[in-house]
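2 protein chains.
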Amino acid sequence: MPPIQDAAPAVTQFPEPPGLPAPLPEPAVEDLRLPTVLGVLSDPLRLRIVRKLLLESEQFDHSCGWFGLDRPKSSLTHHFKALREAGVTRQRQYGLERRSHVRIADLDARFPGLLNLITAWDPED
Amino acid sequence: MPPIQDAAPAVTQFPEPPGLPAPLPEPAVEDLRLPTVLGVLSDPLRLRIVRKLLLESEQFDHSCGWFGLDRPKSSLTHHFKALREAGVTRQRQYGLERRSHVRIADLDARFPGLLNLITAWDPED
DNA sequence: TCCGTTGTACGAGTTGAATCGTACTGCATG
DNA sequence: CATGCAGTACGATTCAACTCGTACAACGGA
Chain A
1 MPPIQDAAPA VTQFPEPPGL PAPLPEPAVE DLRLPTVLGV LSDPLRLRIV
51 RKLLLESEQF DHSCGWFGLD RPKSSLTHHF KALREAGVTR QRQYGLERRS
101 HVRIADLDAR FPGLLNLITA WDPED
Chain B
1 MPPIQDAAPA VTQFPEPPGL PAPLPEPAVE DLRLPTVLGV LSDPLRLRIV
51 RKLLLESEQF DHSCGWFGLD RPKSSLTHHF KALREAGVTR QRQYGLERRS
101 HVRIADLDAR FPGLLNLITA WDPED
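Protein chains in written order, with the UniProt record's numbering: chain A, 1 to 125; chain B, 1 to 125.
Hints listed in this document are in silico derivations from the structure and should not be mistaken for laboratory results.
Note that the structure is predicted; figures quoted are calculated from it, not measured.
This list has only true hints and no planted wrong ones.
Pair by pair, the computed Cβ-Cβ distance ranges are: (1) K73/B <-> L69/A: 39 to 47 angstroms; (2) A120/A <-> K73/B: 34 to 42 angstroms; (3) A28/A <-> D43/B: 20 to 28 angstroms; (4) E56/B <-> N116/A: 22 to 30 angstroms; (5) K73/B <-> D70/A: 39 to 47 angstroms; (6) E124/B <-> P25/A: 20 to 28 angstroms; (7) D122/A <-> P25/B: 23 to 31 angstroms; (8) T77/A <-> A109/B: 34 to 42 angstroms; (9) V29/B <-> P123/A: 17 to 25 angstroms; (10) P44/B <-> A109/A: 15 to 23 angstroms.
In this text, a Cβ means the ideal position worked out from N, Cα and C, and glycines have one as well.
Let's have the full structure, built from the sequences with the hints guiding it.
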């Protein structure tokens, strides 16, 4: 059983039941840096990941298989970690799976308009 | 700060009189790519350059001395070229100087909200 | 004409990112 | 317990970017 830590900076995008796995290490809201965030989003694959999370998320976080990305597993680990370490996503360990969601509230607070830019982006263009 | 030598103040974002030096090679509006633009803006120095252009531009373009950046000249050339090749700025040769301005209309058309993100950014944070 | 100014071009050194193979862990299920 | 599954960790390779020194070009003025 993964360690269950109470608390957690509430407000994810969804109402999450208490007793959730603690988020993996991530920067605090006030430590989010625009250049870093822009850098992590400058990769088309990661931009697609974030966009899909924003547009197609269900009422829960998503493991990386959900994205249907045609890359080796170790590459995906790399990109999801980059997104989390830049503060764009939050990851929690659910048993076997490590699931992600976008830190919508945090990003809107620090960089209003950024997420809108991502959802408006056309991955095909 | 150097006096304007050639023709009229241009305007870029302002109406441009004919007889202006042709812009250096740059991508067309429809070729602007969000990942590329975000990538070029992920450098704090370049982000500062663009922000200063957006907030403090006069009625004409600015040569790179105007920015007061404490870097070797060859480094500045590199960054200004990166901004232009990503489509963020336009550069024109005015005699000795190569002056830059932000492609405001183009960026607003392709990525609405992006420039606002830059002006709202605090370079010190 | 020589000099100072503005800036490019080129190349080297260094760093960091992206990519991916391989080996591994932890859990579930037969 | 053996297999399969989700995903990490580590290391190697490749490649692009940043940084900057140096050399050079174009122009204006004394």
